[in-house]
Amino acid sequence: MTFCTPPFRTLAERRREALGLPGQPVVFLPHPMMTRTAEKIEAIADQVLAEVVQRLTAGPSTR
Amino acid sequence: MEPIARRLQVSAAPAELQDWFEAQGFTDGLPVVPPTPDLVAAMVAGSGLPADATVAPIAPKGALATVEKVAINAVMAGCRPQYMPVIVAALKALAQPQFNLAGVQGTTHPCAPLVFVNGPVRGRIGLNCGSNVFGQGFRANATIGRAIRLVLINLGQGLPGRTDMATFGTPCKFSWCAGENEERSPWSPFHVDHGMSADDSAVLCHAGESPHNVQDHASATAAELLTTIASTMATLGNNNVGMGGEMMLVLGPEHARILADHGLSKDDVRHELHRRMRLRFASMGVALRNWYRNRRPAIDVGAEVEEIPYLDDPSQILILVAGGPGLHSMVVPSFGGMSTSTRERIPTPPEESSR
Chain L
9 MTFCTPPFRT
19 LAERRREALG
29 LPGQPVVFLP
39 HPMMTRTAEK
49 IEAIADQVLA
59 EVVQRLTAGP
69 STR
Chain C
4 MEPIARRLQV
14 SAAPAELQDW
24 FEAQGFTDGL
34 PVVPPTPDLV
44 AAMVAGSGLP
54 ADATVAPIAP
64 KGALATVEKV
74 AINAVMAGCR
84 PQYMPVIVAA
94 LKALAQPQFN
104 LAGVQGTTHP
114 CAPLVFVNGP
124 VRGRIGLNCG
134 SNVFGQGFRA
144 NATIGRAIRL
154 VLINLGQGLP
164 GRTDMATFGT
174 PCKFSWCAGE
184 NEERSPWSPF
194 HVDHGMSADD
204 SAVLCHAGES
214 PHNVQDHASA
224 TAAELLTTIA
234 STMATLGNNN
244 VGMGGEMMLV
254 LGPEHARILA
264 DHGLSKDDVR
274 HELHRRMRLR
284 FASMGVALRN
294 WYRNRRPAID
304 VGAEVEEIPY
314 LDDPSQILIL
324 VAGGPGLHSM
334 VVPSFGGMST
344 STRERIPTPP
354 EESSR
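First to last, the protein sequences are chains L and C.
For the first sequence, position 3 matches number 11 in this note's numbering, and the numbering has no gaps at all.
For the second sequence, position 120 matches number 123 in this note's numbering, and the numbering has no gaps at all.
Okay, chain C solo, but in the shape it has when bound (with noise of 0.2 Å):
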């Protein structure tokens, strides 16, 4: 296949060339895989779609994402033809209005996407769903959601200190895709729970802060251990309390067994949780508590209220289950209200499907 990209000569010397991708600002600051036309004809290959179809739009600048132009920063990410359908889905996730693309691009708060993967693309692709899931070690994991970011440089122009005004940004930003752990989930995975069968694969978008994790080795019971999971997550100063929106509970598997087997479904688990969490307006000081008091406008903040529900309702938590042996979980707060987690299925390559 001939590539419709531009193509440009450039120096062959190793340390020349990564030297001109960085001048471009092609690159999140790390070296890229130079995309030459055969690795990007075997990308496209990968996505099983023509090289000129569309994906996306990608904010703030609005290019469009080809199918070519998302190969050419997947080749520069490091990924195998065979990520390609998980990262197209991913980008038509965060494409979608309520995912608001725009706002969490150049937004001083630290969110990055998150790309939660469920289905047996998973097994296929490598995958990491177990010990260490947000950390090193995986090509796919460390690769899709590199790729992914560098579209979000090169075609949304999602640039730091320009159009990516985050006071801080997040090591997340650099690459954050995991896969949920659906054979050590007590549940039916996230996605079923959405309304698709298992067989099926699918990525869900979340516009996370850094995970903060839940260390609790001692609680033996559901009540107890949701009394430490909600005090993780009812810290005042994330976005979520003030902003509304999603906040997602990532269960260690130990953690949701510990759970499951005290009788809680997800749902229960949303419930007790809405129900422990609770805003406090002694604990905070005046200024703090009349921004609080001004931004919830679903329930009673009167000046006689002296704590209030954290989120408005329960249906705010996600639930996924991942990670490997130990007895931690993680909370990712989000943007808040101004961005909604976004999912997408992912079509099954022909040569699988007609297995």
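Bound conformation, chain L alone (with noise of 0.2 Å):
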């Protein structure tokens, strides 16, 4: 699974296919991370949780 924030969706795209793992799941987190605090991203952690479970079950993805 990858997490990157949205201005690197194209490059993750790109990355996956050279890869050869064009149904790994990519999970989107808010731009920009960097300037987060450590209780900031513990919060954003929570809420993308259920997501990143569905996504781990739930066998390959689209885009």
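Think of the hints as simulated: they come from the structure by calculation, not from any bench.
All values derive from a computational prediction rather than experimental measurement.
By construction, the Cβ of each residue, glycine as well, lies at the ideal position given by its N, Cα and C atoms.
Watch out, some of these pointers could steer you wrong.
Now the in silico label distances, taken between C-beta atoms and shown as ranges [to be verified]:
id	chain 1	residue 1	chain 2	residue 2	range
1	L	Gly-28	C	Pro-174	34 to 40 Å
2	C	Gln-99	L	Gly-28	17 to 23 Å
3	C	Gly-305	L	Ala-53	23 to 29 Å
4	C	Asp-196	L	Gln-55	26 to 32 Å
5	L	Phe-36	C	Asp-196	42 to 48 Å
6	C	Ala-201	L	Ala-53	52 to 58 Å
7	L	Glu-50	C	Val-289	16 to 22 Å
Work from the hints to combine the two standalone chains into their complex.
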């Protein structure tokens, strides 16, 4: 599973194709991540946890 | 030789032809030399390799660069065939995993592959190592760096705003190739420091930020000069301070001579710079202070600590000598710890090795 922010969507897609992993799920996080406090990052993790579980257990993803 | 790549019939009118290349997204924004089959065949021959030989996968797309595909881009860039061994070696260096080409191509940081060349090949191809070494005026420097950029665009698909997410980029992304001025250096060449012979030729690839100048016309001693250089290196806003990795110091020959005349080896210079380069927490805001503290696990960055070494280890400083007369040097920060510089030997063409 790949985590990235929306500006890097195309890059993530090209990379997963190059690596032969077209079904590799990508979960998007709010941009930018680098300036977030630890507390905010934990809150974002809580927000995306359900999606992570769903994408990991639902089989190969589409885009 | 018949080309393997697909042939295209396009308008021969110069303006229409350039518009076509631009519309396909095949360029860096500048006009290109049309890669006709005869020019591509000559470029392939300059490599000394078969057209279908694999050079390397080029990230992020991962397309395999063959010699012929590299040759097409080298023709477009304006190269001479004799430059091909340098280009092939540089692409192999860029594809080494520790260089992290996918990251270098995609990052918001304004880094570009700096290709430094050592050895006799510099003289054979007319590569500039002296005055204006990072500037214009020399076909080998200008077009080798440009050929690499075109490969990164056309085979790697490093596309601005889509997969190349550099906030600003840098003029260095058009072309950045230089030779070490071995003849004016008081020390051994970089590739000899790394186990090669002076008769070998080699490339060093560094994911470099635009160079920062060190002007010091006053310092007459090594200690004074090192203080100036350390100050230019230890700035707050580059990737290395928070993310580790290598910084390159390209000493002008006159600065290098001052240091060597005071008895310093390159290793001494590294250690003296590391000792002088300090990160003072009082010089930055609270958020940045905390950010750096969280990213320096190798050293004590407790709340009571007021300053720490800017780099974790002196070995993070790469030292070369280049440029011409004048009391200037260049600091080239890097992408940081996400990329490590890589090296490749440049094979000697058969006609040269038989002499």
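Status of the hints after comparison with the structure:
1. The hint said 34 to 40 Å for the Cβ distance between Gly-28/L and Pro-174/C, and at roughly 35 Å that hint holds.
2. In this structure, Gln-99/C and Gly-28/L meet the distance hint of 17 to 23 Å, their C-beta atoms being roughly 20 Å apart.
3. The given range of 23 to 29 Å is respected by Gly-305/C and Ala-53/L, whose C-beta atoms sit roughly 27 Å from each other.
4. At about 50 Å, the CB distance of Asp-196/C to Gln-55/L disagrees with the hint of 26 to 32 Å.
5. As the Cβ distance of Phe-36/L to Asp-196/C is approximately 45 Å, the hint placing it in 42 to 48 Å holds.
6. For Ala-201/C and Ala-53/L, the hinted distance range of 52 to 58 Å is satisfied, since their beta carbons lie about 54 Å from each other.
7. Taking the beta carbon of each, Glu-50/L and Val-289/C are about 20 Å apart, inside 16 to 22 Å as hinted.
In the structure shown, a violation is registered for the earlier hint numbered 4 alone.
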